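Based on the provided sequences and hints, a complete structural model is requested.
So the protein lines, in turn, are chains A and B.
By the count of this note's numbering, the first sequence reaches residue 768 at its end, each step adding exactly one.
By the count of this note's numbering, the second sequence reaches residue 439 at its end, each step adding exactly one.
Where hints are given, some of them may not hold.
Claimed, not checked - Below are the DSSO-like pairs computed for lysine-lysine, each with C-alpha atoms no more than 27 angstroms apart in a straight line: (1) Lys432(B) <-> Lys133(A); (2) Lys44(A) <-> Lys200(B); (3) Lys344(B) <-> Lys133(A); (4) Lys323(B) <-> Lys63(A); (5) Lys43(A) <-> Lys201(B); (6) Lys616(A) <-> Lys307(A); (7) Lys207(B) <-> Lys90(A); (8) Lys200(B) <-> Lys137(A); (9) Lys394(A) <-> Lys419(A); (10) Lys90(A) <-> Lys419(B); (11) Lys292(B) <-> Lys432(B); (12) Lys44(A) <-> Lys181(A); (13) Lys323(B) <-> Lys181(A); (14) Lys419(B) <-> Lys63(A); (15) Lys292(B) <-> Lys344(B); (16) Lys616(A) <-> Lys281(A); (17) Lys207(B) <-> Lys44(A); (18) Lys207(B) <-> Lys77(A); (19) Lys433(B) <-> Lys181(A); (20) Lys15(A) <-> Lys77(A).
What the hints assert, rightly or not - Simulated coverage check for chain B against chain A, where a stretch passes if three residues somewhere in it have a Cβ under 8 angstroms from a Cβ of chain A: (21) 58–68; (22) 367–374.
The hints are simulated quantities; they were obtained by calculation from the structure and are not laboratory data.
In this text the structure is predicted, and so the values were computed from the model without any measurement.
Glycine residues also receive a C-beta, built at the ideal position from the N, C-alpha and C atoms.
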Amino acid sequence: MSDQQTITIEVDGKKLEATPGQMLIEVTDAAGITVPRFCYHKKLSVAANCRMCLVEVENAPKPLPACATPVADGMKAWTCSPLARQAQKGTMEFLLINHPLDCPICDQGGECELQDVAMGFGGGLSRFVEGKRAVKSEDIGPLIATDMTRCIHCTRCVRFGDEIAGVREMGATGRGEHMKIGVYVEHAVASELSGNIIDLCPVGALTSKPFRYQARAWELTTHDSIAAHDGVGSNIHVHVRNHQVMRVVPKDNEAVNETWLSDRDRFSYQALYSEDRLEKPLMRKNGGLAPVEWQEALLEAATVLKGADADRLGALASPSATLEELHLLRRLLAGLGSNNMDTRLGQGDFRSADPAVPWLGQKFAEVENNQAVLLIGSWLRKDQPLLNHRVRKAALAGGKVMAINPLDYDFNFTLDSKVVCAPSAMAQALAGVAAALGADTCGLPAEAVSQQKAMAANLKNAEQGLVLLGSVAQSHPDFCLLRRLAANIAEAAGVSLGFVGDGANSTGAAMLAARAETGLSVEGMLEQGLDACLLLNVEPEYDSAHPQAMNALLGKAKVVALVTHLSPWLEAQADIVLPIAAFLETAGSLVNIQGDIQSFNGTARPVGEARPAWKVLRVLGNLADIEGFDYESVTDVLDEVMKVLTDVHPDNQMPQADAPEARLADSDLQRIGGTPLYHTDMLVRRAQALQHTPDAWKACLLVNPELAQALGLEDGDSVVLRQDSGELTLPLGVDERVPGNCVWMPTGVPGSELLGKGFGAVSLEKA
Amino acid sequence: MANEVCLRTLHLDRPWLLSSYESEGGYEALRKILTEKISQETIIETVKTSGLRGRGGAGFPTGLKWSFINRSAPGEKYIVCNSDEGEPGTFKDRDILRYNPHALIEGMIIAGYAIGGTAGYNYIRGEFWEPYERFEAALQEARDAGLLGENILGSGFSFDIHAHLGGGAYVCGEETALLESIEGKKGQPRFKPPFPAMFGLYGRPTIINNTESLASIPDIIRQGGEWFRDLGVENSGGSKLFSISGNINNPGVFEIPMGTPFSELLEMAGGMKDGYKLKAVIPGGSSAPVIPGEQMMELTMDYDSIAKAGSMLGSGAVIIIDDRQCMVKLLDRISYFYYEESCGQCTPCREGTGWMHRVIHRIENGQGRPEDMDLLDDVTQRIMGRTICALGDAAAMPVAAFIKHYREEFQYHIDHKKCMVGGR
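Structure (structure tokens):
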């Protein structure tokens with residue numbers, strides 16, 4: 002049977018083309034024929050339990066569910082014949098008898114599948130005069146509100162956990178009318194994709210907790226945008242009321258996020274209205290920051306920037322800043338004679354040149370077809386949840402996913418094999434795989450053990466494969482070495498090399514950088530020091546791979562900060578603070594890690610006096626008398642960007658074949674850094690609901706049980722961690738996932754700014 | 016003429032022993048198959064000839080079911096015996112397990128041979144502890160005698176059987192819920208297709224038969240398909256076990272040829288208790304539509320005769336109801352059973368069984384409303400044929416039939432807030 006084979010069926014007298022194996026509902030959906038349904042969802046397995054999509058099929062003695070009836074050539078079906086209608090209306094009545102019909106106080110009201118279908122198939126009056134069922138609701142965490150009395154038992158949420166999230170968190174207990182959907186023993190759901198069950202739930206049983214009772218569906222206007230917290234660039238609908246973002250939901254895009262959205266992208270909008278959101282420009286006066294008018298702040302900022310020695314003027318920007326912002330920032334600097342600009346704040350090693358334009362190396366859809374994937378320094382599941390979903394699909398299809406990580410990160414699929422080793426041993430582990438492939442081991446004495454040989458063979462035997470460097474690898478002090486080894490492995494095995502990158506626009510930033518004059522990197526600026534430093538949406542204490550050096554730099558420089566939120570370090574060290582619009586409040590373009598340039602408009606009014614960063618930069622350009630800064634709209638900027646980017650494409654080719662030596666030495670005790678998923682950027686850190694999920698950082702130092710025993714420490718002990726000249730006191734946690742002689746203390750979290758780089762020698766003792 | 020097949024050993028002392036079974040020709044069929052290397056096709060043809068129909072209730076021809084399996088498909092195929100026997104009124108399989116377990120074992124081995132399987136499971140109702148122990152003992156006896164396990168009787172054919180005690184859910188008697196339960200999952204029916212013959216236990220091709228069906232197999236092979244067929248009548252081959260209960264003098268299990276007049280069966284069971292008049296009979300387990308007594312006295316006990324009267328032979332559970340009984344109260348009890356036992360998976364059954372029960376319960380307790388009769392009738396129509404498995408039909412059919420035949424009793428309850436019979 003060839004894929005192209007088509008058959009013809011007849012629905013409601015209309016001839017339709019179909020493919021053998023398709024279910025009837027897929028064909029009717031494609032043809033725009035409405036068949037009511039609740040349990041059916043195109044991305045989930047068929048359950049056929051709601052019985053709403055019953056239709057009449059020729060020669061069938063009773064109505065059949067369209068969702069579970071495979072099409073056959075010549076089949077005739079009727080979706081609204083008397084028999085089909087009688088069956089559908091019957092089901093509708095059953096679904097409503099025990100439903101509370103509390104639509105006036107239900108958040109789902111107005112966007113409820115049950116309401117919608119009841120309009121078409123429900124009776125005006127209920128014949129049910131008995132008492133209705135009531136079900137106790139469980140607290141399943143800070144993201145999802147439960148009202149289980151409204152549940153119609155479609156099991157979409159159950160199947161989502163099983164089939165998509167990869168963790169079966171919801172399930173059905175009890176029989177008959179007593180069947181309940183829940184988490185069995187009350188606890189918060191922990192999936193990084195959990196919010197999708199809000200969208201899946203056809204009734205108001207599972208709704209958004211942060212959005213609870215905030216607005217009615219019909220008060221909201223919908224705007225399309227792009228999520229800006231990871232490299233996937235998920236497409237989103239932003240729901241706005243009175244110029245304020247009320248919530249974010251996914252927008253279908255098969256090529257990007259399919260129909261899903263990560264919790265981080267869904268709930269981080271809360272940070273737009275956090276308490277420390279900046280609403281007015283600030284200037285340092287008498288030692289403290291004082292509110293000033295825009296005019297004064299802008300003039301002063303221009304004076305500071307113009308007055309700086311061009312060699313000692315630099316800019317650091319968030320890797321999630323838009324193409325337009327980055328382009329204007331670079332033009333502003335160039336107009337002032339400087340090329341010192343960087344977005345790679347989280348990168349741990351700059352000793353050899355980066356690839357031309359680092360990217361994923363494959364399209365997201367291609368990732369699903371990999372027969373082998375090697376993850377290096379990556380907790381992909383939490384880092385890039387929807388990219389991980391593609392890798393999971395590859396794993397479920399039989400692809401072999403392997404990992405070389407400094408922590409035994411848990412995945413929602415089974416790893417084929419894994420190496421969990423101290424950060425200093427990662428290069429050695431990679432060299433073993435390289436050796437097994439006969440590739441250059443960058444001078445590391447390498448003899449492959451059987452596991453490394455097996456990894457090498459998996460990659461070699463794969464028709465399509467991927468070696469992927471994650472964000473933990475990127476912040477590693479030997480990133481350049483790991484990257485070279487990874488490239489050697491990928492080349493020798495004939496598979497793709499990919500980078501996960503940082504933020505939402507790391508690929509876009511690299512594309513712009515590829516067309517710019519070379520200046521100092523972030524590392525260069527930290528080493529040399531600056532007289533004037535321009536920050537674009539950077540939270541220096543948490544965004545920098547080297548907070549202590551960053552602190553020193555800011556201490557000596559005049560600091561002009563364009564930010565959405567004021568962090569303590571900026572409060573202490575910024576001279577001029579310009580409040581800018583956050584990502585849902587401004588227009589711009591982002592390039593995701595598969596290379597799509599995605600543009601979006603602002604969706605809500607910026608808070609207070611905050612202004613879009615591109616406008617602020619334009620004014621600064623004007624005040625600095627730089628020519629050609631007369632953009633009238635953000636599209637003018639984008640047009641210019643697109644001209645600059647002509648012929649610039651994502652490209653992982655590295656200019657140098659050699660690699661620096663390993664500099665992270667084996668030590669008695671090593672720190673493992675990495676940034677937890679709800680601490681990756683300024684907004685996410687302030688998203689309250691996310692900060693109360695099981696995935697939020699627990700504020701403790703994690704060590705292996707054996708190490709704790711050797712040090713005479715117990716779970717919960719207060720301990721002091723020392724690194725470089727800094728120290729931090731926190732409770733100790735014991736965790737099997739941490740390799741021996743390591744302590745897991747992430748970057749980007751409160752307290753991490755007191756320490757050095759994410760990786761390096763540390764000491765630990767009882768407080 | 017009784018006890019010809021499944022209860023053949025019943026007259027013996029300790030009939031459940033291997034020696035008792037062998038003294039009545041037990042395991043001769045298996046020996047014959049293995050020594051003469053009788054082909055799978057021949058066995059299946061013999062079963063088809065016998066006219067044996069599924070004794071669990073649906074009455075699907077057993078030989079035809081066996082022929083659906085792709086015997087040449089590589090990999091494991093399973094025989095599953097359904098001893099869940101949960102239909103109220105049914106207790107015949109219990110007696111096979113207690114008194115003639117070897118007939119079932121031999122039948123399962125032959126079935127396994129016929130479809131090319133090497134393992135069988137017997138899913139035994141959770142409350143059947145004694146039958147379970149007896150079955151386990153019989154398995155051990157068979158293994159010790161080389162009749163079960165590796166290389167049976169030196170033939171090179173291997174087949175083993177595992178007993179699995181259920182957890183007490185009625186719905187696990189539904190064949191696909193039963194499979195889910197064996198797999199350790201929540202007992203909920205699967206949507207069909209795919210049918211178990213394609214995708215059954217652990218995703219493998221699987222045949223599921225009732226205990227009585229499988230226990231009939233050895234005699235069909237030993238004495239021939241025609242012999243079995245000629246015990247009964249057209250379309251209803253063989254003999255059948257009937258579990259008689261209710262207002263009867265001598266309740267119990269009777270194995271009689273298909274086509275025996277109901278009046279004879281009533282007599283065998285000692286006639287009406289205390290001389291009361293026969294009012295109604297539920298002929299095939301509580302889900303079978305009720306038949307008024309006078310009509311029932313004219314019927315014979317076979318598939319066609321009962322079907323013509325608008326009911327079904329079902330599992331052969333004959334519930335005798337005398338004229339002292341209130342049909343509303345009886346239906347209240349029956350509907351409560353299905354309400355409690357619905358698995359909850361699909362909408363019409365989950366919601367409809369509770370609705371029906373509440374309305375009937377109201378009527379029984381003097382809270383009936385004038386519109387309730389039409390409502391009940393309509394609700395049954397919205398359940399029947401709309402559900403994933405047959406439990407929905409099983410719950411709705413008795414309601415529809417009780418209303419059809421005894422509407423005046425329900426109406427009396429609604430109008431007078433009390434019972435028409437017995438003066439309650």
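Are the Cα positions of Lys323(B) and Lys63(A) separated by 27 angstroms at most? 21 angstroms, holds
Holds or violated: are the alpha carbons of Lys419(B) and Lys63(A) at most 27 angstroms from each other? Judged against 27 angstroms, a Cα distance of about 22 angstroms means the pair holds.
Are 3 or more residues of the stretch 58–68 of chain B near chain A, judged by a Cβ distance of less than 8 angstroms? Result for this restraint: violated, n = 0.
Would you mind confirming whether the straight-line C-alpha gap from Lys90(A) to Lys419(B) stays at or under 27 angstroms? 24 angstroms, holds
Below or equal to 27 angstroms on CA atoms is what counts here, so check Lys292(B) against Lys344(B). Measuring from Cα to Cα gives roughly 18 angstroms; hence the hint holds.
Is Lys323(B) within 27 angstroms of Lys181(A), Cα to Cα? 41 angstroms, violated
Restraint check for Lys43(A) with Lys201(B), where alpha carbons must lie at most 27 angstroms apart: 25 angstroms, holds
Hey, Lys394(A) versus Lys419(A), does the alpha-carbon distance stay inside 27 angstroms? 18 angstroms, holds
Within a Cα-Cα threshold of 27 angstroms, do Lys616(A) and Lys307(A) meet the stated pairing? Holds, at roughly 19 angstroms.
Check the hint pairing Lys344(B) with Lys133(A) against an upper bound of 27 angstroms on the C-alpha distance. 23 angstroms, holds
Compare the distance between the alpha carbons of Lys200(B) and Lys137(A) with 27 angstroms, and conclude whether the hinted pair is satisfied. Distance ~24 angstroms between Lys200(B) and Lys137(A) Cα, so the pair holds.
For the pair supplied as a hint, Lys15(A) and Lys77(A), is the alpha-carbon distance within the 27 angstroms limit? The given pair, whose Cα atoms are some 9 angstroms apart, holds under the 27 angstroms limit.
In terms of the numbered hints stated before, the structure departs from hints 13, 19, 21, listed from lowest to highest.
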